[in-house]
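2 protein chains.
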Amino acid sequence: MSTHSLPAPLSANDLTLFNKWWHAANYLSVGQIYLLRNALLREPLKLDDVKKRLLGHWGTTPGLNFIWLHLNRIIREQNHDILFIAGPGHGAPGLIASTWMEGTYTDYFPDVTQDEEGMTRLFRQFSFPGGIPSHAAATTPGSIHEGGELGYSLSHAFGAAFDNPDLIVACVVGDGEAETGPLATSWHSNKFLDPKTDGAVLPILHLNGYKIANPTVLARIPKQELRDLLKGYGYEPIFVEGHDPDPMHQAMATAMDHAFAQIRTIQENARTHNDTQRPTWPMIVLRSPKGWTGPKTVDGLRTEGFWRSHQVPVDHMNKPGHLAVLEDWMRSYKPADLFDENGCLNADIAALAPKGNKRMSATPHANGGALMRPLRLPDFQAHAVELTAPGQTIAESTRILGNWLKDVMAANAESRNFRVVSPDENNSNRLNAVLDVTNRAWNAETYPYDDHLAPDGHVMEILSEHTCQGWLEGYLLTGRHGFMSCYEAFIHIVDSMVNQHAKWLKTAAETEWRRPIASLNYLLTSHVWRQDHNGFSHQDPGFLNHMVNKKPETVRIYLPPDANTLLCVADHCLRSRDRINVIVAGKQPELQWLDKDAAITHCQQGIGIWEWASNDKESEPDVVIGCAGDVPTLEALAAVSILNSHLPDLKIRVINVVDLMTLPTPEQHPHGLPDETFDALFTTDKPVIFAFHGYPTLIHQLIYKRRNAANFHVHGFREEGTTTTPFDMTVRNHLDRFHLVGNVIRRVPKLASKAAYAHQAVRDKLAEHERYVQEYGEDMPEIRNWSWPR
Amino acid sequence: MSTHSLPAPLSANDLTLFNKWWHAANYLSVGQIYLLRNALLREPLKLDDVKKRLLGHWGTTPGLNFIWLHLNRIIREQNHDILFIAGPGHGAPGLIASTWMEGTYTDYFPDVTQDEEGMTRLFRQFSFPGGIPSHAAATTPGSIHEGGELGYSLSHAFGAAFDNPDLIVACVVGDGEAETGPLATSWHSNKFLDPKTDGAVLPILHLNGYKIANPTVLARIPKQELRDLLKGYGYEPIFVEGHDPDPMHQAMATAMDHAFAQIRTIQENARTHNDTQRPTWPMIVLRSPKGWTGPKTVDGLRTEGFWRSHQVPVDHMNKPGHLAVLEDWMRSYKPADLFDENGCLNADIAALAPKGNKRMSATPHANGGALMRPLRLPDFQAHAVELTAPGQTIAESTRILGNWLKDVMAANAESRNFRVVSPDENNSNRLNAVLDVTNRAWNAETYPYDDHLAPDGHVMEILSEHTCQGWLEGYLLTGRHGFMSCYEAFIHIVDSMVNQHAKWLKTAAETEWRRPIASLNYLLTSHVWRQDHNGFSHQDPGFLNHMVNKKPETVRIYLPPDANTLLCVADHCLRSRDRINVIVAGKQPELQWLDKDAAITHCQQGIGIWEWASNDKESEPDVVIGCAGDVPTLEALAAVSILNSHLPDLKIRVINVVDLMTLPTPEQHPHGLPDETFDALFTTDKPVIFAFHGYPTLIHQLIYKRRNAANFHVHGFREEGTTTTPFDMTVRNHLDRFHLVGNVIRRVPKLASKAAYAHQAVRDKLAEHERYVQEYGEDMPEIRNWSWPR
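Each protein sequence line maps, in turn, to chains D and Y.
Every number in the numbering used here is 854 more than the matching position in the first sequence, counting from 1.
Every number in the numbering used here is 854 more than the matching position in the second sequence, counting from 1.
Source of the hints: derived by calculation from the structure; they are not laboratory data.
A quick note: this is a predicted structure, and the numbers were derived from the prediction, not measured.
Treat the hints loosely; a few may be bogus.
To be verified - Simulated coverage check for chain Y against chain D, where a stretch passes if three residues somewhere in it have a Cβ under 8 Å from a Cβ of chain D:
(1) 905-917
(2) 974-984
(3) 1040-1053
(4) 1203-1209
(5) 1340-1353
(6) 1572-1586
Every residue, glycine too, gets a C-beta built ideally from N, C-alpha and C.
Here chain D stands alone, though its shape is the one from the complex (with noise of 0.2 Å):
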């Protein structure tokens, strides 16, 4: 379908109105960027009206205003429910005009009136100290699309889609965002979203054809070889091109209504007539020029239409004619045709605008915790483990919650606001009993074999970790729930994303009108510990340290030792608003410890002394033992067990440590222990021998203002590792039952006279693990077979 000889749905009057619409919103654009008075230009332009510093980016803003206007007529005519989200979200001074031209603005900004005050309001603000940020962010009505990393727009649109089947998702994807390679495979998410369920994606590719100063490869190759690509992704692109207004009306129009037409017979054929092939999606190609109708040169140089265009077309506006450059600029869009007297959008302008919730600036689907209904939590200790005795019993702690996680999918099965989601390693990693009540979402081909595939199943898997993350974020922000498994290593994968994440959560908290939302809750388990078979790739446990750097309001850090504190911390995440959690916890067979009483209560406090392991009663401890995560807390208390047995008398005082984030000051943490009781936990001088699941210098790091700080030996990964045994992966970095023991003789004082034969000891029981190894291939029995003693 090309942009010649088509219908022309739009009237003359319709015409005109469209483009004044589309100038005041790239005059109001303008004006943010430039402007701290004589907004309406009443005045000739002095270089005092105009900003300092000149920030934003121009470029991509008159195509997103077109785009807007365009849906706006779409919701007019068919009454849509349209989220908007902007992939080139620098394009922020775009929406923020929208939103204050459709008066959504003023809604949530009373003092950002419709007039020429509240425009004047407007234009300061915007990227100036105290205001907003020049790209969109929780701030920006209407928007869930955090507009500074590029790359997730797509999977974001789709995670608002899945299971809104009402709601269509128009998201603009810049051309430089698709460069990126989230973006690149996210336009696969049509093979996982149920049009019968599910709402709609319009993807919509801006071709403005640069970057800040390059080409872009889409707008460089040949139109055959991009519509090749697109309908290789599975979509019907509807190219729209040019640069005329007019004809691009035109264009856009019709564009638009066969997008929307297709969609309705796609849903209407899965809907009604139950089809249940993929569909082919429509989607439009917009090739407009990069700054369209901004300055066509600037100094001679190419400026519309080319990548100086991208950000500020205009600068150093005290060089000779730049300040009339920009005051040609701005009254080519004849703001008095456009402004009442008082600086108010003119009605007849304004009236192209949706009304009330319709307005795609004010749809709540873009404040989602408005419109999120709690979870129904079925309660979690039906799926406790019995426990006689502490290390007595095997479970596979994930396999336990899985169980629990199957309850949670079936109670809010009709709700459909609930799922859970990983890249390719759901059963991998032990979750599979969800699958009996819900399926691995599926929209491609099927052979009669397979299993647990449909177009309506819940539990989400693509083999891309920054596709999970960007469907996840994208369904919470909408107000639903949601449940993220993963190797530990390859979470790293997605740092950043979570990064931009956080950091829209911290502003959202700020924000007064942004409703809190379901909290990003992460399993991470094949964690570092127990990825002996996959070898040293596999083997990182970092992802802690880079979330304790995000503000300490918005993340959580769990390490629950066994399966019935996992359910329990589980169920805390799921009920928790505004967070992330991440939780780590090992998918093997492993000895549990708490039974579910002991669990809850210890999970309640975060951290406490393990009694049944401690022998220091009614006395002070010669040392502490502490331990954060299954593996560690198994070797250490392993540990204890081969000291009580050689050293009767050794006071021993065990801490296991859940939730990291208890170790900090409460000034650093709100979980943070005060004082008082973090001395009283750890002692004041007793040396403390911390067995500890990540990197050991994270727990000096989260230590260093406490007063036993300097008595802390943490015992975590080295950057050790290989193909090997689990139990050889701690020796290999001193995480082991051995080693620690050795660093306890060599700690406490009165066992200075051990030191030496137990040296010798820790060397031969090594020695001799090493050789069972490389003999069988498998760890001693002694090690396989250990539990705590009764």
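Guided by the hints, dock chain Y onto chain D, whose structure is given.
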């Protein structure tokens, strides 16, 4: 082109031999996964012959073996240099089998001989403690590609091909990997490759249909859609589909002939006929069953051609019938027909391998250090900024660096072994001088007004940090040099990639035959403190935290405070080997501190007292002011000047840190200062107010073992930011001069009497700042115009 009615390039004898090679490779692959002994199955298989833990991935392996075999034919016939990249690196059993069959494995590991004893050792060592990992790694001859985290095969392949006109990189892309974002965009690398001066990449998309527990997207879309997609990426796909070996051999041989003929034609057109059009490169789509030739069913469940073949198709060997499944499977390859009495591969089969360095397993390109020529490095001092005194002159540090990089580029133009890489930020990062002597690599459409685009350009820019990183890794691993610049916040996008590269470097350093390669050099600029204009989403200095967790032998972090130190550091990094060097430096105009001689001395020490800024000569200081990073150094010195003028008796020592890894102990990092030196610098009891570029806790993490650790008070990024002024960024995070002054006064005991007064003075200054910025949108003149008092 389809597989039907094709010519049959292989004779009956060829087919027999090809099948034998393939069987031998498959047999050896299975042997590695399963067997401890009885390698040639001379005895009936016993449970004891089988490893206790079964590890490794069979699913992709027969396909890799099949492809390898057919590439060998091409090499024998056409004498190409081919580098093999196995995207599914978890198919290591296949790579290792082929490598052993070619004799290379024995060349590199002489005790793994080409006889029964060596074969037994080959089997035993695989995924066995003390042996080799289950994924391709630095220990795998012929490989530059870590087989852990997926997604980077194609960008590595292109990186290897750049500036290697005689090399063809055969890159197998798994259909699981193909779902990742980084892989999905890396297909577009063909727009950055020059057929004239670069080599070729032959992608082989291996559709075996399944991931761990799911079908793959690309295997489940209609063939026409897949063809469209690949044509849209700019390739002409040749399909090889089926499961019956003989026709598949014929089809693959035909496809290979066709693909290599196309490559030859393309290269001739470009090289002889100067055809400058971007060619449509060939690629192969191999659709073959997962676990091809493996057990059809196990326990009655579909196995071959299904995800159950992904890893170990039959396990739990003591289950009835399982041992027989394994034995039947292995015997189906007829080992007695493949290996002679001694366990040596039969000569007629072995003859299918190319000779010497033409063997893909022995290509020197896979041991890049062996080919690497050092860069010619022009004297950086020629670009040093001239200073009359510290803190008077303004320069843009990265622009100065760019001038030197231009010289580096020019000096090595003939060798064509240096590339500068950036995700569309080269000019923004002010390295644009390099474009005076080279161009941006670009082989897509161009317009007359485009600037500095050319197919053979050596500045690589695509808006994909993943692709940039992958290209650079591939380029370095094949023995060349490079330099990557990136906005600091966005470098997190490649956290997991650099992780994997760091792990590769560690393992390579432990692998005797691997020669050192050029370091991976990052310039992180547009850094957190000068993203006042882009806002909160661009503000994140956490990459440093990420890097310090890697092996200390691998990681270096430099924070040059000005242009001359930046030049010094960059020169050092380009000379270094086997490291990941992270340089953080600003691009904005900033005060310059050290002349070239002082800069050289300072950088050699990595840390030092700035005597000219200190007033504690011949006495103990009252306070130490430390700083690391350009903006923190500026604020620290401004604080010192305020203190000097108000409290002339206060003895201040100023210490600047360029090399961050001087802070930990020598046991923790090879650059760590001895305790005596550290104590002499920072004292053992005086307050240290430390202004740091990154998150404050990173400093605490690095110095927790130092005697004076508890007296360190670190100011750095606290996750506070938005679009504001540069100085306001520091104020929001308490890194500014006024907060520093306040903290000094609070911490120095002898100033206790002034504390209340000082506190109020600081508050007043901050309020004045706040008012000014709100009013004018820029920083106060006293801030903007501040310079160090002469």
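Results of checking the hints against the structure:
1. 905-917: holds (count 4)
2. 974-984: holds (count 4)
3. 1040-1053: holds (count 3)
4. 1203-1209: violated (count 0)
5. 1340-1353: holds (count 7)
6. 1572-1586: holds (count 6)
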